[in-house]
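All chains, please: the whole structure from these sequences, using the hints.
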Amino acid sequence: MPAPPIAIQTLSLRQPLRRALETAAQLGADGVEIDLRTELRIADFSQTALRQFRKTLDDLGLRVLAASFPTRRGFDDAEDLERRVLATREAMAFAYKLGAHVVVGRAGEIPEGEDDALSEIMVQSLQLLGAHGERVGARFAFASGAAPKAQRRLLDRIGEGAVGVALHPSLLIGGGQDPADAASQLGADTVSVYAVDAVREASVSGSRATEVQLGRGEADMPAVLGVLEEHAFRGPITVTRTDTSDPTGEISDAVQFLRAL
Numbered sequence: 001m002p003a004p005p006i007a008i009q010t011l012s013l014r015q016p017l018r019r020a021l022e023t024a025a026q027l028g029a030d031g032v033e034i035d036l037r038t039e040l041r042i043a044d045f046s047q048t049a050l051r052q053f054r055k056t057l058d059d060l061g062l063r064v065l066a067a068s069f070p071t072r073r074g075f076d077d078a079e080d081l082e083r084r085v086l087a088t089r090e091a092m093a094f095a096y097k098l099g100a101h102v103v104v105g106r107a108g109e110i111p112e113g114e115d116d117a118l119s120e121i122m123v124q125s126l127q128l129l130g131a132h133g134e135r136v137g138a139r140f141a142f143a144s145g146a147a148p149k150a151q152r153r154l155l156d157r158i159g160e161g162a163v164g165v166a167l168h169p170s171l172l173i174g175g176g177q178d179p180a181d182a183a184s185q186l187g188a189d190t191v192s193v194y195a196v197d198a199v200r201e202a203s204v205s206g207s208r209a210t211e212v213q214l215g216r217g218e219a220d221m222p223a224v225l226g227v228l229e230e231h232a233f234r235g236p237i238t239v240t241r242t243d244t245s246d247p248t249g250e251i252s253d254a255v256q257f258l259r260a261l
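Here this note's numbering is used: the first residue of the sequence shown is 1, the next is one more, and so on.
Since the hints were made in silico from the structure, they are not lab data. Any given hint could be a false lead.
Restraint-style ranges between C-beta atoms, simulated for each label pair [to be verified]:
1) T48 x R208: 41 to 51 Å
2) D80 x F45: 16 to 26 Å
3) E160 x D181: 18 to 28 Å
Backbone N, C-alpha and C fix where the C-beta goes; we use that ideal spot for every residue, glycine too.
Printed below as a string of structure tokens:
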């Protein structure tokens with residue numbers, strides 16, 4: 001089986017989108033993940049603009065491997081819920097036009113106690129997005145630091161294969177979870193994985209995850225990817241970095257780290 005493609009989250013490069021695409025190509029990525037809320041506004045794109053954008057990608061040898069659409073609130077919040085669902089559906093359809101088959105967003109608060117009830121409006125909203133994904137060709141996936149067992153319970157309630165998981169090691173570490181264990185429990189539904197590392201640190205307000213260079217934290221990426229390979233994971237593996245003074249250099253190192261695996 002071919003190796004999963006490596007994407008770079010263009011937002012992490014802290015450059016205008018066109019320049020970020022050029023940088024991603026120079027760093028040897030197979031593709032990119034683009035933020036559809038802040039980097040590329042759907043309303044601004046005519047069919048002509050879409051064709052021009054895809055030509056730019058072709059010229060650079062890149063694909064849009066994933067898109068992100070982070071809503072301000074999760075789908076467990078009833079306020080403006082219908083508008084949030086409709087906007088996410090629109091983003092999913094647009095992502096597919098860009099060539100992406102994965103759209104990463106927020107699910108909402110996932111209760112971790114086995115006796116804690118899941119939000120019904122969250123479950124129903126994600127079921128709607130799952131059905132929409134079947135029609136338009138781009139699957140919604142959520143990134144969460146909740147316990148893998150809790151995430152699995154939510155996926156089972158939504159329905160098999162409807163919604164995917166974007167495995168995010170930094171979020172998991174911040175929640176006191178083992179990314180490799182999460183990969184084991186969620187692997188069959190993992191449609192994207194973030195190549196980001198972190199260490200968990202205690203603070204006055206509780207524990208939190210502090211990002212570090214890939215391979216220097218608590219995320220055992222070889223183990224995570226080894227587990228996902230058993231589930232025929234096809235990617236993308238998306239390099240992201242937020243807490244650094246040298247995003248281009250560290251993202252370049254991360255791409256090389258992944259190639260070496």
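Checked hints:
1. Evaluation of the 41 to 51 Å hint for T48 and R208 yields a pass: the beta carbon distance comes to about 45 Å.
2. Distance hint for D80 and F45: a CB-CB separation of about 24 Å, consistent with the stated range 16 to 26 Å.
3. For E160 paired with D181, a C-beta distance near 21 Å keeps the hint of 18 to 28 Å intact.
Checked against the numbered hints given earlier, the structure satisfies every one of them.
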